[in-house]
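Working from the sequences, and respecting the hints, build out all of it.
Chain order of the listed sequences is A and B. Counting from 1, one number per residue, gives the positions in the first sequence under my numbering. Counting from 503, one number per residue, gives the positions in the second sequence under my numbering.
Hint data in this document are derived by calculation from the structure and do not stem from the laboratory.
Computed cross-link-like contacts, DMTMM-like style, restricted to lysine to aspartate or glutamate with a CA-CA straight-line distance of at most 20 Å:
hint: 1; chain 1: B; residue 1: 635; chain 2: A; residue 2: 222
hint: 2; chain 1: A; residue 1: 485; chain 2: A; residue 2: 439
hint: 3; chain 1: A; residue 1: 280; chain 2: B; residue 2: 591
hint: 4; chain 1: B; residue 1: 597; chain 2: A; residue 2: 222
hint: 5; chain 1: A; residue 1: 328; chain 2: A; residue 2: 313
hint: 6; chain 1: A; residue 1: 274; chain 2: B; residue 2: 591
hint: 7; chain 1: B; residue 1: 532; chain 2: B; residue 2: 690
hint: 8; chain 1: A; residue 1: 374; chain 2: B; residue 2: 673
hint: 9; chain 1: B; residue 1: 578; chain 2: B; residue 2: 661
hint: 10; chain 1: A; residue 1: 308; chain 2: A; residue 2: 354
Model, not experiment: these values are computed from the prediction.
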Amino acid sequence: MMYDLFIEPLQYQFMQRALIASVMVGVINGALGCFIILRRMAFIGDAMSHAVLPGVVIAFMVAGKGHIALFLGAVFAGIITALLIGFVNRNSRTKEDSAIGVIFIGMFALGVLLISRLRAVHLDLQHFLFGDPLGVSPGDLWLTAIIGMVILGSIILFYKQLQLTSFDPTMATAIGMNTALVHYFLMGILSMTIVASLQAVGIILVVAMLITPGATAYLLTERLPRMLMLASIIGAVAAIVGLYISYWMNYSSGAAMVIVVTLIFLLTLVFAPKQGILIKAIQRKRAQERHLKDDILKAIYHLTKDKKDTGIETIADYLGTELPMLKKPVQRLKQAHLLYTPDGRTLQLTENGEKQALKVIRSHRLWETYLTEKAGLGWEHVDEEAERLEHDLPDALVDEIDERLGYPETDPHGAPIPKKDGTIRETEDHPLASLQVGESGIITRVSDQIPEVLATLWKAGLVPNVQLTVTERDNGVIHIQVGEKKFTLDNNATSRVMVKKV
Amino acid sequence: MNSTPVIDIQNLTVSYHRKPAIRSINLQLKENGIIGIIGPNGAGKSTLLKAILKLVPIEHGNIKVLGQPVDKVRDKISYVPQKEIIDWDFPVTVKDVVMMGRYAHIGAIQRPSHRDRKIVDEAIDKVSMNEYKNQQIGNLSGGQQQRVFLARALAQESEILLLDEPFVGVDAATEQAIIDLMHTLNDEGKMVIVVNHDLGKVQDYFDHLIMINQWLIAYGPTREVFKPELLSKTYGGRLTILQKTERLFGVAQ
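Now the structure itself:
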């Protein structure tokens, strides 16, 4: 089976040559493509592949097929194109991408024009455009091998220059590297690569073999040498698989290679271990789960403190989520010994559970303080922001915020901030609704759940440390007096304002 | 005493698209001590650094470094660019970047020697980045990234260090580390020139100041030139100066 599939075709010499040529093309393009990508020259790569056509055609007219003149013609056309692009860019308002667009299409058209005049000499445009690896001659093979060695050799010899001019051209110039020379050198070997790839994939598709393996490798590694290796391997694998597909199914070989390499890219995009879409989605989901667990602990802490029920339904209600969403995280929290159920129903925090809850509350309340004091955010909005920021923070950062704020006792809403050692000084306070007519109290804190209520209270000046007196109560509505001012609060507000009796 | 200036700038004018960025600047730098370049946005601070290295086209004027044209002494000058121009996703590690500092001394097709590697390790050590040696640079914090570029400049073992806004976006610890390092280098007899945007700490950091606003406004010891008259001349109406118990605080807008 394997023999039939892979070895049997190799009894034909043309297939052997096609295979060797394709592998070389895959490797050369893969390696060179890395630098093209890192220098953000993918578009130039495409342009050059088209622009070498007139050079190749003229060389063909002069010297015939399979001759080294073909390569020289291509390199010549490539350098002319690169110089023209640079010239137009520097000496007019034309931006580089426009200059590339204008020049390369012009050069390509010139090539097509020349070929159409050449019909008589059997130069098949099709072969230039889409390649024909099965037509590789021994001479072609030698030339490809020599070109390949020149290119890989230059990448190894001039690695330093290629790396530094791509990464930090300013420093490269500062220490005396000739960045322009490196650029045109790269354009030169790019033109050679394109001609070397003509037989295997053709002008139209070569840019895919140049860009895609490097782009794939870029998703897999953070080291340049590894990226070069990987891109070469990916290029070679795509070339081999594409060639066999085209042999067995009679597809255009260049197109088959490009489809294979594109599939490799897409698979990597999804499944790459660090940069992949899948792993990122999983990480997001895990973070969400972690945040929900934190929120549950926090909810139980608050509910317990207010001496309310801590059944799972109440918690779902408190968090505004669906009950089924909570089942799994609650189970996990129990397994981690952060929660326990003394009566089989109500959830209670273990010692560690309370520690974790206080840690999140500390982070939350410090953020609220920071956002009001340092970032100048409104009193009523900081709760939502802090809700987003409170999770996954390194302790050191939270401690630094604490330090910068001067170790505040309470957050802007008057709630106590847990200390670094996990202690909290809970205030002895009661809802405003518990005050009788004639009694006075000092506002200790304002529950931060509903921004609209907060905003109204803030505007009215009903903030922590303000003293008030209840003047009248009827049907849950409470009339209060603060200094000279009088306010009427509905039970939406009275249950959220906490006071200390005086 | 050797009286040849380390950097000698004669009548320098630099223009971008025919708009002058620096006009007829004459400067002879030879004093020992850390030199700060201050001035408002668009005053040509970074341009002046780049002109010393001929990174920008020089319209006219003449610059000599260590008594020679800059092309002869490029390996003796290290340059730390502004952070914004770096592609932090580029596949290089801390070690790779610091090794670039050695490229000025390694032949065109030669590989780094054992000695180069040792110098790189020492430079990384000096900025306390040892445990991040093999990290890709994008995974570092702003302060750590700045330390890496500083280590690169150290590894070059140059006579002159040019730093373009090294304090932007770094934490307090890194800022202190940069200052300490500048002093160490200065004590070793190297010239350190720093473009700085924030006027707050100018008096603490720099022994000499170059004040420019396209034209050279003043050059001299900080205590002599960091004065309200010269500052308002440098910053025009764009500077608010608050006099506070004999100290000057400035906010450039």
